[in-house]
Amino acid sequence: AVSVVGGITLHEGIERVQSGKGMVKALKHHTFVSARPLADNDAVKEMSLGLVSEAVAGGVATLFMLGMTGSGKTYNMDVVHGAAPAALFAALAAPSANGQAQPTAGLIAYELVGKKSFDLLSPEKGEVMLRTGADGKMRVSGTEERVSSDPTQLEEWLRSASARRETGATGANATSSRSHAVYQISTPGGGRLLLVDLAGVPRCTRA
1 AVSVVGGITL HEGIERVQSG KGMVKALKHH TFVSARPLAD NDAVKEMSLG LVSEAVAGGV
61 ATLFMLGMTG SGKTYNMDVV HGAAPAALFA ALAAPSANGQ AQPTAGLIAY ELVGKKSFDL
121 LSPEKGEVML RTGADGKMRV SGTEERVSSD PTQLEEWLRS ASARRETGAT GANATSSRSH
181 AVYQISTPGG GRLLLVDLAG VPRCTRA
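Take the sequence shown: its position 24, counted from the start at 1, is 24 in full-length UniProt numbering, and no numbers get skipped.
Hint data in this document are derived by calculation from the structure and do not stem from the laboratory.
Hints may be right or wrong, so weigh each one.
[Stated by the list, open to error] Only pairs whose alpha carbons sit at most 25 Å apart, straight line, appear in this in silico BS3-like list of lysine-lysine:
1. Lys137 to Lys115
2. Lys125 to Lys25
3. Lys116 to Lys137
4. Lys115 to Lys125
Can you build the whole structure from these sequences, using the hints too?
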């Protein structure tokens, strides 16, 4: 759960061992004083530009969409899907304007459903393998990677991948996403932009 009181506080549900009681449930609080909620589409787009800049510079930038079912996570991710490709290629084109080859970006997309993962760019939605390497880094295999130099095409791929996600009806949303989706855009300089749209957290009901 996230509350907004002079910033943003993330309440993390954890389990810990307590003397005399064994394993008990508890809350761990993480407060971000300078953080502010995104008020509209323009704010979401502006936020995504900073992430794009980091990826173009060769770094790894990650965006998580987390919240209750029906809170607008996938809607906001769709805004990012529309804004990020154009911003990415505009930034990539700047250093290559002196006659170098047109820049390209790669895309893989997959969803996590229970204990399995599936490719969102393949019409067959083949199973994807996630493994941790000896260096501690996650390895993804079995995904279809698409490469393009066209921001419009990249945007279309992102939207079609999103449309292939598992959905189901909930009390708050008739077509709620029931999987975690990961969209990874790679840049020529080795940078990565990771867009993670988590499945909605069920709303609590009181008897």
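Run the structure past the numbered hints and jot down the numbers of the failing ones, going up. 2
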